[in-house]
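Undergrad: Top line first, the protein sequences correspond to chains A and B. Here the first sequence is numbered in this note's numbering, starting from 1 and rising by one per residue. Here the second sequence is numbered in this note's numbering, starting from 1 and rising by one per residue.
The reader is advised that the hints may include incorrect statements.
Reference excerpt, derived from the structure (chain A facing chain B, CB under 8 Å, subset only) [said to hold, decoys possible]:
#1 V171
#2 S180
#3 E231
Here are some chain A residues the structure puts well away from chain B; computed CB gaps all over 10 Å [claimed, not checked]:
#4 A20
#5 L35
#6 W48
#7 T170
#8 G183
#9 S184
#10 L193
#11 R277
These are calculated hints, taken from the structure and not from any lab test. Please read these numbers as outputs of a predicted model, since none were measured by experiment. Note that beta-carbon positions come from the ideal geometry of N, C-alpha and C, so glycine has one too.
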Amino acid sequence: MKSGESFSGESPNAYQPSSASQANRRQRAVVLQSLAIVGVAVTGIIAWHLIAVGFKLPSALLPRPLEVFQASYENRAKLLQGFLITGLAAAAGLVAAVAIGSLISVAFSQSRRVRLAFFPYIVFLQTVPIVAIAPLLIIWSGYEFRTVVIVTVIVCLFPIVNNVTAGLTTVDRQLSDLFSLYGSGRAKRLVKLQWPAAIPALVIGVKTSSGLAVIGAIVAEFFVGSGSDYEGLGTLMTLWQGRMATDALIGAVFASTALGLILFGAVELVSRTLLRRWTR
Amino acid sequence: MFGERLSFSSTPSTIHCDDLTVSFENSPNVVDAVNLTVNAGEILSLIGPSGCGKTTLLRCIAGLQTPSCGTVRFNPPASANNGEIGFVFQQPGLLPWATTLENVTLPLELIGWSTREGRRRAARESLAAVQLADAVAKRPSELSGGMQMRASIARALVTQPGVLLLDEPFAALDEMLRTDLGNLLMALWQKRQFTAVMVTHNVAESILLSHRIAIMRDGKLEQVIENPLPWPREPSIMRTPSFAEFFGVISDALRGKHGLPVGGLSETESSN
């Protein structure tokens, strides 16, 4: 008997369409989806313009799309700088949250008592309004870049701890038995079974947190920016709101949205690479 | 097939279960004072209605379940921690992120055996023995159900255990694959002569694959029946009158009709 199985119909790839036609279909789907997204955006911009013109709204209340574009172009250096600073703070906070959250989850997975004692405080981080503790953190940590990162870590931590802890503690029973059978210790079980099994959960946690990271960074910048040289997107927003520069403010809103999308896309890209072993 | 590459013993052990009892809080004994001896180099099937304690008994033998009282002894001594006991689970239970080769290497890694290259060589040999030599680089998601179960068997045998425990290994497979993998198990046993205990719901499978059949009910070992069919066995034996007769005997015993033995079959052991 040849390697594999002796009966027909056992090949897992039987009856599957060719990979070339599958790729074509996938490409077409991507193009159509992209066109739909662009179409919605264009429609939205046209509607926005018509509302602003039709209702003769003042620029301070609702500037026209072209005015927003002009204001953004004039402030491009500030916007780019803010984009980079806020992006760096959000990314640094997210990475730190992944590292800290993973360590906390590993500790939780190793001891039920530790989990029961400390998990409520992780939930506390999720439930406490970040706008309430941001001023406190500024008092303790200063009008600094690091304060923005700390706020971002706090905002990002819960989804990561929650997901990774679940991933580490809900390992398939048979696999767990297999490790018990061969007398595997905690360390080996953690490295060879629990941690790899928790990677998909970690990815879900990081994806959720990637959106929160930008929100956390901008909220922190609202508080930090007003009293320092720090110029993230959040500080620019505060500044332009004070000056009633609505056109530039909307430009900053678009920049922060783009930042969120880029961060989410980067996480998606990394997670796809990371999960290749799980999904292939 | 396996050569002489492993340093630890793969001598088949006799398994003695003495007054083995497993009980959980607020429930009757799951396994109730079972006395059972599985002879070295024989395949014994454990059959019985769902929830009768077969799997719990098997887990006790494997050391995965601590009995409330009683003991399990191996003669010569055997321990899974040394790779002397292999276990095939009901589901293949392969690590989804690892290749077939990495999955089969795992027990050797866990018991700390040899070098990486030595482990990979042993795993390749074990995979070749179950006709999966070409699947070493594939991940479980790329394997069919039958191939996954073959990989699971290769993983259980990679340490050359003297004792192999199987928990309804073919339950999730269709009839043709069951027969196919049953043949594979018989071929492996013919070469290795390990002691095997197999939990199954399938009467035909238990008759085809085992020397003796132990029937359990409500946690108790009701009887152990000698299988009169000769070895080596081919699947064609399932079409013989003697197979049909013995099938009837086991079916009757499962339905609770006592009064065995019939036609040369002997009741050899009982817990009661």
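Undergrad: Enumerate the violated hints, using their earlier numbering and listing them in ascending order.
TA: Checked against the structure, the hints that fail are numbers 1, 3, 8, 9, 10, 11, while the rest are satisfied.
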